[in-house]
Amino acid sequence: MSATTDSSTTIAPDRVEILAPREPYKGQNVPRKEDRRLVQGQGVFVDDIKRHGMGYVHFVRSPYAHAHITAIDVSKAESMKGVYGTLTGEEVASLTDPFFQLSTPPGAHLKDYALALGKVRYVGEAIVAVVAETRELARDASELVEVEYEPLDAVTDARHALDESKPVLHEDSGSNLMWEGVYEWGDLDAAFAEADKVVKIDELHFHRFNSTPLETDGALVEFNRGTGQWTIHTNNQFPGFAQIMMGPAMRCGLDKLRFVTQDIGGGFGNKITSHPQLVVCCLLARKLRRPVQWTEWRTDFHMSMSHGNERWFHDTEVAVKSDGTLLGFRTKALDDAGAWLRYEPLGGVIWAQVTPGMYRWRHIRLEFTQVATNKAPVSPNRGYSRMQHLWFTERIIDIVAHELGLDPIEVRKRNYIRVEDMPYETPNGCVYDSGDYAQMLDVATELIGWPGIEEKRLDAAARGKLLGVGIGSTLDSGTNNFGQSRMINPELQFSGNNEVATVKLDIFGEIVVTLGTTPQGQGHETTAGQVVADILGCSVDDVHVRAGHDSYWNSHAGFSGTYASQFAVTGLGAVKGAADMLAEEIKRLGSVILGGVPVEALELAEGTVRIKDNPEAALPFMACGAIINANNAGLPEDLDVTLNCRYVYRPPFEVPDLERKFGNLTLTYAAQVHAAVVEIDPETGYYEVVDYAAVDDCGTRINPQIVEGQVMGATAHGLGGVMHEIFEYDEDGNLLTPNFYDYHVPHALDMPPLKTGFVESPSPFTSLGTKGMGEGGGAGIHAVCAAIQDALRGHGDAIVSDSSNPYRRVWEMLDHPDTAGARVQVVDA
Amino acid sequence: MLLREVEYAKPSSVAQALAILSENDGARALAGGQTLINVMKARAASPDALVDLSGLEELRGIELGADGTLSIGPMTTYTELVGSAEAKARPILGEVCAQIADVQVRNRGTIGGNLCSNDPTNHLPPLMVSIGAQLTIAGRGGERVVSADEFFLGVYLTAVGPGELLTKITLPAGKRDGFAAVTLGVDGTCIASAAASVNGSLRIALGCVDATPVLLQPASADEGAVREAVRGAGLFPPADVHASSEYRMHLAEVLAVRAARQASERS
Amino acid sequence: MSENAAPVSSSRQIAVTINGTLYEREVEARKLLIHFIRDDVDLTGSHIGCDTGNCGACSVIVDGTLVKSCMMLAVQADGSSIETVEGLADDGELAALQQAFSDHHALQCGYCTPGMLMSATALLRTNAHPSEAEIRKGLQGNICRCTGYWNIFEAVKTASERVAK
Amino acid sequence: MIVEGERTFDAARATVWKVLSDPASMAATMPGVESFDIHDARRWTANVKIPLGLGGLKMKIDMDKTEERELEYAAMQIKGQGVGAMMNMVTTFELSDVAEGTKMKWSADVKIAGPVGSMGQRVLQPIVNQQVQHVLGALDKQVQDARDSPQGAGAEKD
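Quick note, the sequences are listed as chains L, Z, W and Y, same order. Per our numbering: the first sequence = residues 1 to 829. Per our numbering: the second sequence = residues 1 to 267. Per our numbering: the third sequence = residues 1 to 165. Per our numbering: the fourth sequence = residues 1 to 158.
Certain hints may be false.
[As the list claims (entries may be wrong)] Under the rule of at most 35 Å between Cα atoms (straight-line distance), these lysine-lysine pairs were calculated in the DSBU-like manner: (1) W:157 - Z:168; (2) Z:168 - L:465; (3) L:119 - Y:49; (4) L:76 - Y:58; (5) Y:103 - L:76; (6) L:166 - Y:65; (7) Y:105 - L:111; (8) Y:60 - L:166; (9) Y:141 - L:166; (10) L:76 - Y:111; (11) L:119 - Y:60; (12) L:119 - Y:103; (13) L:119 - Y:141; (14) L:111 - Y:49; (15) Z:168 - Y:79; (16) L:76 - Y:141; (17) L:256 - Y:141; (18) Y:79 - L:81; (19) Y:65 - L:81; (20) Z:175 - L:465; (21) W:157 - L:81; (22) L:119 - Y:79.
By construction, these hints were calculated from the structure, which means they are not laboratory data.
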C-alpha cells in the first residue's frame with residue numbers, strides 16, 4: 001500500500017544503526033502526540049483530579065516489622081472535627097473475601113485482605129484508613145488512632161526464613177515456605193560427565209530495589225449508589241489484573257469496577273499491585289457516601305509497595321569445557337517475596353522465559369524456592385524475574401572466564417546462540433524469534449573502543465585509578481503466554497494473551513483510535529497513530545488516538561494494560577488489525593459509491609478512497625463517515641459496513657506441557673548488549689562509569705526515537721540499581737532507605753557518556769516485525785558488575801557476588817577480597 | 001508532606017524575633033527551611049511555632065574587613081556565597097557551597113541554617129571548625145561569641161539555645177584550606193568528609209564520623225602524621241546503609257590526608 | 001511591614017501572583033507552597049514526586065529565584081510573583097525549551113517535565129549558553145526516572161542555540 | 001543498634017546501686033523529663049521531651065525492671081511511645097568493686113521505629129549516642145549527690 005524504502009546501515013562515532021525497511025510513518029521519528037499537553041503541565045495525573053466534597057484518605061501504617069495487633073481504637077480520630085470516617089481490617093474482613101491466591105499450597109493458604117487483620121508483617125503495612133476534609137486533617141487524625149502491638153521477632157534474611165527457630169509470618173500456611181518447584185531440562189549427568197571443568201559458586205545475591213516511578217500510587221474513587229458501580233480513577237498500570245483481584249474479593253461483577261486513567265507518571269511494573277488500596281478506597285466511597293482520594297507519599301511507597309524480587313543463587317555448578325564451551329548448570333534459587341504474595345509466585349516461572357540466557361547450553365536444573373519475610377511485598381519491576389536470572393547467567397559467564405583465564409568476550413561469542421540457529425528453541429521450549437547477538441557485541445565493543453582499552457587502563461593507572469570493562473548481554477522477552485502461570489498452579493485458568501483496539505471513521509471523517517493499554521510514557525498515542533496513518537494512507541496528524549484508558553470504552557480485554565514489554569506486539573497488533581478492517585470497509589463502501597469499481601481497483605491515499613488508475617475519482621473519508629453514520633438511505637442491504645472496527649489481537653500460543661515444564665512462554669525476544677567502562681578509586685572504593693555503550697535489537701522499530709528513549713531509561717535504571725539503589729532492612733525489619741535521602745537514584749551529574757547502537761532483526765512472528773521492548777533485562781547491572789570484577793583483577797581478584805555494588809562494597813572487595821566476594825572453586829570433572 | 005499544625009510569625013527585626021522566640025517555648029527559627037521543613041514533613045519533630053527570619057536584612061550580607069576577616073550574615077544563601085566577590089577572600093567557602101545539594105536548595109538554604117541544623121552530613125560544620133570561625137549568638141540578654149569548636153553540641157543541637165539566634169559568622173583571613181568528601185553520587189550527601197586549614201597551624205575537622213565535627217591538630221600535614229592523628233582520635237563512627245563504622249573510619253583517614261594536602265598545596 | 005510585624009498565628013491571608021494572575025487566599029501556616037499551588041489554586045502542572053525535597057518535580061520560580069515549592073510555606077510566598085510551567089507557553093505558542101523537549105524526546109511520562117522545564121528556564125536566564133557540564137549542574141535538583149537525562153541535556157542545548165538565533 | 005561501655009564512679013557500690021534502683025533518681029537522669037509517675041519499685045512512667053534543635057521529640061517512656069541481683073546486676077525494658085517515634089530498649093548494668101570505687105559495665109540495645117526512622121540512621125545513631133552520654137553524665141551527678149547526702153553516707157556504712 002505505502003512506499004517502502006530499502007534497509008540501510010549508518011555508522012557514527014556514538015551511534016550505529018542497522019535498519020530494516022521503513023514506510024512513510026512506521027520507522028520514522030514522528031513527534032509525540034502526548035508531548036504538547038505534557039510540556040505545558042496540561043497532563044491529567046491521578047492526584048490532579050478533584051471532585052466536590054471529596055474526602056482525603058490517609059493510612060495508619062505499622063511501625064513494626066512483625067507484631068500482633070491487640071487493640072485498635074479509632075474513636076478519638078472519628079470524633080475529630082473534619083474527619084469523615086475510618087476503615088479497619090475488621091470491617092474489611094466483614095465486607096470482602098481474601099484476595100484470590102495464584103499459588104498452590106502452602107502459599108495458597110494466605111488470607112490476604114486489603115488492610116492488616118490481627119497482625120502486621122512489615123513496616124509500613126496499612127492497618128487503618130482515615131478519611132477527612134483535607135489532606136492535613138486526615139494525617140492529623142491518623143495520629144489519634146490508637147493501635148496496641150505485641151511485637152514479634154522479624155524474619156529479614158530469606159536464607160533463614162525456614163529455620164525452626166524463626167517465627168512464622170502466616171500461621172495459615174504453616175511455615176514461611178510459599179512456593180517451590182524443580183525445573184530440569186536436558187541431561188545434567190551427561191553434561192557434567194562431558195565437562196573438563198566444573199566451576200562451583202557458593203552464593204550469589206540479587207538485591208532488592210525497584211524503579212521508583214516519580215509519581216507514586218493513587219486513586220480517586222466514586223461510587224454510584226443507583227447503579228452500584230464504582231469509577232476508579234487510578235494510575236494502576238494493569239487494570240485487567242486489578243479487576244480480577246478486586247471483583248471476587250468485593251463480591252461484585254467486574255463491570256461494576258470502571259477503571260479510568262489518562263496520564264501515568266511512570267510505572268515500570270511497580271504500579272500493578274495497588275489493588276488492596278483500591279479496595280479500601282472503594283469501600284470508603286460506599287461507606288462515607290462521598291468520593292475519596294488517596295495519594296501515596298514517597299516514604300509510603302518505599303516502605304510498602306512493589307519491591308523487586310530479591311533472589312539468592314546457592315550451590316551453583318557449571319559444566320564447562322577447557323575452551324570455555326558451556327554445557328550446562330545446576331543451581332538453587334531462593335526468592336524473597338516479602339510479606340505477601342501480591343503477584344507472586346509468578347516470579348517463580350517468569351524467569352524461565354529466558355532459561356539459557358543468550359547461550360547454547362542445553363542442560364539446566366534450577367530448584368526454585370520462594371519464602372515470606374517481614375519486608376514489603378514484591379511485585380513486578382522492569383525486567384521482572386528475568387533480570388535476576390539473566391544477571392545470574394551473565395555472572396556465570398564472567399566468573400567462568402575469570403577462573404579459566406579466558407576472555408569474557410570470546411566466551412560469549414563461543415556460546416552465544418548464532419544467527420543461523422534462529423528461530424532457536426531453548427531447552428525448555430521457548431522460541432527465540434530472531435537476532436544476531438555476536439554482531440551486537442561487535443557493535444558494542446566498537447563503540448567503547450575495545451581495541452584501545454589496554455592503553456586506557458594504563459592511563460587510568462597513571463592517575464591512580466583502576467579501570468575495568470564489562471559486558472552485559474540480555475534478553476527482553478515480551479508478550480507473555482499466560483499459560484506459564486499453570487506451571488505455578490495447574491488449577492489456574494489462564495493462557496495466551498490478548499489486547500484490543502478500535503479504529504473508527506466518525507461522522508465528519510475523523511479517525512478515532514482507542515487502545516486497551518495504560519501507557520506511562522511509552523508514546524502509544526503516537527506509535528498507534530503511525531501504524532494507522534500508513535494503513536489508511538492519511539497524515540498521522542489526522543489520526544486522533546484517545547489519551548489514556550477507560551474500561552468502559554469497548555477496548556478492554558482480560559490482559560489489557562501496559563506491562564511486560566508487549567505493546568509493540570499486542571497493542572499495535574490490535575491497532576493494525578482494526579485499521580486493516582476499517583481500510584477494507586472503506587474500500588467496500590467506496591466501490592459502491594464510486595459505481596461498482598472492484599475493491600482491488602481502489603486505494604486509500606490523502607484521506608480518500610480512490611480509483612488507482614484515476615485518482616480524480618476519489619471519495620473523501622469525511623464523505624464516507626457521513627454516508628454511513630448520517631446519510632445511509634438507499635445503501636445496498638448487503639453492505640455490511642459500520643466504519644467502527646474493533647480487533648482483538650491474540651498471539652499464537654499453545655498451553656505449555658506442565659509435566660516437562662516445556663513450551664513457548666513469550667512471543668518475542670528483543671536483545672541487548674551493553675558495555676561499561678568503570679574507574680575505581682582504590683583508596684575509597686568510589687567509582688564512576690566513564691564510558692558506556694547500549695546496543696539494542698527489538699526488531700522493526702515503529703518510532704526509533706521512542707525506542708532509544710526506552711533503551712536510555714532502562715540503562716539509567718540498571719546503573720542506579722547496581723551503584724546505589726537498594727531497599728535495605730536492618731535485623732529488626734526497619735527499612736533503612738525509606739525515601740530519596742538514603743535511596744539515591746541517578747541525578748543529572750551521575751550519568752556517564754552514553755553511546756547507542758541499533759540492529760533491527762524483524763520478528764517473523766509478529767504482524768509488524770516488531771518486538772516488545774523497554775525492560776532491557778538489567779544489562780547495565782551485569783555490565784558494571786563485570787567491569788568492577790575486571791578492574792579488581794590483580795588487586796585482590798575479588799569475584800563480584802552481589803548485584804548491589806555501592807562504594808562500601810567495592811572497598812570491601814579491595815580490602816578483604818576473600819570474604820567480600822563470592823567463593824568459587826574449579827574442579828576437574 | 002502534610003505538616004502538623006504550626007504557628008507562624010515573620011518578625012521585622014532581630015529584637016522582635018528574639019522576643020517571640022523567648023516568649024514561645026517550642027518556637028523555632030525558620031531560616032532557609034531546606035532541612036527544617038523536611039523534618040516537619042516527616043513529623044519527626046514539630047515546632048509549635050516558626051519564626052521566619054527571611055525578612056531580616058540585618059542577618060544578610062557578606063563584609064570583607066581590612067584585615068581580611070569575613071563577616072557573614074547567617075541568612076546569606078549558598079548561592080550568594082558562591083557568587084560573592086568578598087567571599088572569594090576565603091576561596092574554599094564558595095567552592096564547598098557549590099557542592100551542596102542542588103540549585104534550588106542553594107537558592108534558599110543559608111549558611112546559618114546549615115550550621116544550626118548540624119546534620120552530621122552537612123558540609124559546613126567541619127569547614128567552620130577547620131577554619132576556626134567565630135559565631136555570634138544573640139539573646140535577649142545580649143550577644144556572646146562562641147568559637148566553632150564549641151558551637152556544635154549534637155545532631156540538630158548547637159550552642160544557640162532557646163530564645164537565641166545565630167546573628168553573625170566571622171571567618172579569619174586565610175586562603176590555605178582544603179575539603180574532601182566521598183558523597184552519595186556526584187555532589188550528593190556526604191558519606192564522610194574532611195576539611196583542613198593550614199593558616200598558621202594545621203586544623204583538620206572530620207564530618208559524618210560523630211554527632212559533631214571532630215577537630216584534629218596534627219603536628220604536620222605530612223600523610224603519616226595526619227593518618228596517625230585520625231587513628232589516635234578514638235573515633236567510633238556511626239554505621240548506616242552507606243558505610244560501616246569501619247569504612248567511615250577508613251574514609252576519614254583518606255579524606256583527612258587529601259584535605260590536608262589540598263590545603264598545604266595552596267598558596 | 002505592618003502586616004509582617006509579628007503576630008503569631010496559625011493561618012493568614014496571603015496575596016500571591018502566579019503567572020500574572022493575583023490570588024488572594026486564607027491559608028494555614030502549615031500549608032506547603034506546592035499544596036497551595038496544586039490544591040488551592042488548582043494549577044496542577046507542578047508535581048510532587050517525593051516528601052524530602054529531593055526530586056524537584058515541584059520546582060517553580062519565585063520572584064526570579066528557582067525553588068522547590070515543597071520546601072517553602074505558602075505564607076512565605078505572600079506578596080511574591082511566581083512562575084509555573086503553565087506560564088511558559090505564550091498563549092498556545094510553545095517556549096523554545098518546551099519545543100526542544102518534544103523534538104529531542106526529552107520526556108516520557110512527563111511527570112518530572114514541568115519541574116525540569118522550570119529549572120532549565122532558570123538556568124538559561126542566568127547562562128544563555130551553558131556547557132553540558134553546566135546543564136548537568138543546573139538540573140542536578142530534578143529527578144527523572146524515564147529518560148536517563150541524556151535527551152534532556154540535548155534539548156536544553158538546542159533551546160539555548162535556537163534562542164541565540 | 002547496641003551501645004555499651006564502662007564507667008567508674010568514685011563511690012561505694014551500695015551507693016551506685018541505690019541510685020540505679022531508685023526510680024526518682026533514674027528519672028532525673030533522663031533528658032527533658034517533664035513529669036513522671038512511679039507505679040512501684042520496678043515500674044514507672046516518664047513523659048519526656050528529648051531536646052532537638054529542630055523542636056523537641058515528645059515521648060511517653062515506660063520503664064520496667066525485668067531482672068536484678070542486689071548490688072550486682074539489673075536489666076530494664078524501656079518502651080517509648082511518641083508520635084514521631086517508637087523506641088524499644090533493653091539495658092543492663094553490671095557493678096563491681098575497683099580501687100577507685102565502683103565500676104559499672106552497661107549496655108543498651110536500642111530499637112527505634114516510626115517517622116523519625118525515615119530521617120535515616122545517620123541522624124538516629126548519633127542522637128542515641130548523644131542521649132546515652134546525657135544519661136551517663138546525669139548518673140554521675142546522681143551518684144555524687146547520693147554519696148554526699150546523709151542517706152548516701154548511711155548506705156555506705158551498711
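Restraint check for residue 119 of chain L with residue 49 of chain Y, where alpha carbons must lie at most 35 Å apart: holds, 30 Å
Given hint residue 79 of chain Y paired with residue 168 of chain Z - CA-CA distance at most 35 Å: violated, 41 Å
Restraint status (C-alpha distance of residue 166 of chain L to residue 65 of chain Y at most 35 Å): Status holds; Cα separation ~27 Å.
Restraint check for residue 79 of chain Y with residue 81 of chain L, where alpha carbons must lie at most 35 Å apart: At roughly 31 Å apart (the allowed maximum being 35 Å), residue 81 of chain L and residue 79 of chain Y satisfy the hint.
Given hint residue 49 of chain Y paired with residue 111 of chain L - CA-CA distance at most 35 Å: Answer violated: residue 111 of chain L to residue 49 of chain Y is near 41 Å, above 35 Å.
Pair hint outcome, residue 168 of chain Z versus residue 465 of chain L [Cα-Cα no greater than 35 Å]: Violated, because 43 Å separates the two Cα atoms, which is more than 35 Å.
Holds or violated: residue 76 of chain L to residue 58 of chain Y, with C-alpha atoms at most 35 Å apart: holds, 19 Å
Holds or violated: residue 60 of chain Y to residue 166 of chain L, with C-alpha atoms at most 35 Å apart: It holds: about 31 Å lies between the C-alpha atoms, which stays within 35 Å.
Hint consistency between residue 119 of chain L and residue 103 of chain Y [alpha-carbon to alpha-carbon, up to 35 Å]: violated, 43 Å
Given hint residue 141 of chain Y paired with residue 119 of chain L - CA-CA distance at most 35 Å: violated, 44 Å
Restraint check for residue 105 of chain Y with residue 111 of chain L, where alpha carbons must lie at most 35 Å apart: With a Cα-Cα distance of about 47 Å, the restraint between residue 105 of chain Y and residue 111 of chain L is violated, given a limit of 35 Å.
Distance restraint between residue 157 of chain W and residue 81 of chain L, which requires alpha-carbon spacing of 35 Å or less: Roughly 53 Å between the alpha carbons, so the hint for residue 157 of chain W and residue 81 of chain L is violated.
Consistency with the previously given hints fails for numbers 1, 2, 5, 7, 9, 12, 13, 14, 15, 16, 17, 19 and 21, ordered from lowest to highest.
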